[in-house]
Amino acid sequence: MYTSFSVERFRGLTKCALSDLRPITLITGTNNTGKTALLEAMLIHAGRSNPQLALVANSLRGIARINVDPSHHSDPPWLSLFSNFDDSKTVKFVGEAFNKFKHSEVVTVALSTVREGVELAGLGANLQQFNQWDTSVGLTKVLKLELSSGRRPKASRHFLIIDSKQQRVVPPPVVPDAPARFISAHNREGSEFIAQQFSEFEIKDHIKLLVEALQPMEPRLKDLRILFNGETALYGDIGLPNRKFIPLSLMGDGLNRVASLVLNIGSCPNGVVLIDDIDTGLHYSVMESFWRSIFAAGRLFNTQVIATTHSGECVKAALDANNAEDDRTRLGLVRLERGINEVKAFNYSPEELDLAFKADLEVR
Amino acid sequence: MGRKNLTTFKCEQLLLVEGQDEFGFLVRLLEFLKIETVQLHMLNGIDNLAGVLRLLPKTPGFDKVKRIGLLLDSDSDPAARIQSIRASLSHAGLASPAMPLTFSGTPSVVYTTVPSHELPGCLEDLIMQSAVGTGIANCVDTFLSCSAVQRTDIGSRYSKSWVHSLLSASEKPGLKIGEATTAKLINVEHEAFEPIRVFLALLTT
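Chains as they are written, first to last, in my numbering: chain A, 1 to 364; chain B, 1 to 205.
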């Protein structure tokens with residue numbers, strides 16, 4: 001679980017530091033303050049040694065171009081990750097989190113473009129020894145990821161290499177200690193993921209949690225099951241005659257969103273789920289029950305949820321759900337505000353959120 | 001159904017008042033004085049004072065605020081109220097002037113209490129002063145004297161009971177102080193409100 005996180009020179013976040021992150025953390029702020037970028041930064045950081053996540057972050061924004069034409073000068077495909085498109089400086093993420101041994105550990109991930117010239121030539125010579133460089137193609141664009149932590153003060157280095165033939169990470173990334181997932185505002189999980197994750201829930205007897213999360217939106221829902229009808233998909237039993245089940249995908253965006261979020265939380269035990277615009281597709285009337293489900297799933301799987309929102313109703317509902325928990329310290333809110341040289345972060349505890357709502361003070 | 005809009009700060013001068021009555025009264029008084037540079041915000045209860053002051057620097061737009069004024073009731077003990085204001089300001093990391101009606105810090109902070117920083121009471125004391133001797137004011141005196149004999153001692157709440165009795169007998173019964181001020185049942189031009197006018201002049205000049 002992240003307790004603090006800071007970013008330097010990533011997208012529009014020249015500098016931003018968050019502290020006192022909670023198991024359920026909401027991030028608010030006006031448009032273009034860097035909320036989504038912060039989640040992307042955390043995704044890259046959580047991936048530890050995988051520089052390919054830099055391209056994943058771009059694809060989440062709809063930037064999918066990864067081809068590099070060596071015959072022409074072209075920008076590296078990760079250039080937009082660097083503040084002001086200036087990749088002569090290093091992007092840096094520092095996160096403090098509890099590791100699997102429940103010890104607090106500070107991990108630094110730094111990204112930089114390997115410059116053409118001596119550095120690139122040196123890297124090429126190195127990789128050639130390991131048959132990782134095809135001299136006929138030549139190295140074209142290389143992103144360097146340096147990972148260091150309290151446990152491993154000596155940085156490990158991983159390179160994302162893109163040439164006209166392929167892209168690859170050398171040495172291959174190591175599976176991180178804790179899983180992480182990023183869910184974009186309009187994410188719709190494929191039926192394969194849903195089926196796979198639902199099966200995990202079934203094995204561990206967590207179906208009730210999912211059904212209860214969906215019932216506020218579909219009170220007739222009695223049960224869920226995986227069926228094969230051309231493809232494997234999740235179906236809902238809403239009491240129709242002749243055991244006729246309805247594919248979940250036909251039951252509305254909000255319902256699918258909640259199912260996806262709960263299943264994603266379940267897929268990241270002891271990890272973190274990063275959710276952009278968490279309230280997308282949800283009517284205000286189901287917001288509190290939705291948040292109760294998120295709190296319950298987060299607690300059950302020990303998954304941290306870090307989510308952005310623009311909605312005051314969403315914040316209030318999260319607060320009400322928090323205040324119904326035995327442990328009322330699980331929720332935190334961080335409001336981002338763009339300053340001159342940095343994005344400032346203002347923390348709100350549940351008590352402060354309570355008071356802000358009582359006194360009609362904005363927290364978004 | 002959306003929630004009401006929450007407050008962000010848009011003006012250089014911020015004036016904090018206790019509740020709806022003070023808020024409604026001040027809105028009308030600021031209009032009368034043609035002061036447009038002050039943003040009013042209510043605490044929704046004096047108990048929220050310390051917490052709201054702590055939240056101010058986190059609230060969107062606070063970087064625009066150059067001056068913060070606090071206009072609160074003295075209640076039974078003006079010295080204790082002032083002490084409480086100062087402690088709350090300090091605890092929030094804001095400047096805490098040693099004396100009422102003086103500025104200190106950045107943003108500049110100034111405070112006072114009503115009816116004055118030397119007298120116990122509340123806004124209703126000033127409203128009562130402004131209405132004494134007019135219209136049905138004598139009837140209100142008689143009514144409250146009678147009810148004091150029949151019932152309980154309203155003591156420190158006398159001016160509140162007096163003002164609400166007055167308003168209940170007006171041509172538009174049931175109005176709150178803010179609404180009554182807007183309906184011109186309370187005369188904001190009266191000299192009884194001079195201490196508040198002095199405070200507003202200090203805050204805005």
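By construction, these hints were calculated from the structure, which means they are not laboratory data. Among the hints, erroneous ones may be present.
Stated by the list, open to error - Calculated pairs, DSBU-like style, for lysine-lysine (alpha carbon to alpha carbon, straight line, at most 35 angstroms):
# : chain 1 : residue 1 : chain 2 : residue 2
1 : B       : Lys160    : A       : Lys15
2 : B       : Lys160    : A       : Lys358
3 : A       : Lys100    : A       : Lys165
4 : B       : Lys66     : B       : Lys10
5 : A       : Lys89     : B       : Lys58
Agreement of lysine 100 of chain A and lysine 165 of chain A with the hint, judged by alpha carbon distance not exceeding 35 angstroms = violated (38 angstroms)
message = Given the hinted pair lysine 66 of chain B and lysine 10 of chain B, is their Cα-Cα distance within 35 angstroms?
response = Given pair lysine 66 of chain B, lysine 10 of chain B holds - Cα atoms ~11 angstroms apart, limit 35 angstroms.
ask   = Is the straight-line distance between the alpha-carbon of lysine 160 of chain B and that of lysine 15 of chain A 35 angstroms or less?
value = violated (53 angstroms)
inquiry  = With the threshold set at 35 angstroms, check whether the alpha-carbon distance from lysine 89 of chain A to lysine 58 of chain B stays at or below it.
reply    = holds (31 angstroms)
ask   = Taken at face value, is the distance from the CA of lysine 358 of chain A to the CA of lysine 160 of chain B at most 35 angstroms?
value = holds (24 angstroms)
Checked against the numbered hints above, the structure violates hints 1, 3; every other hint is satisfied.
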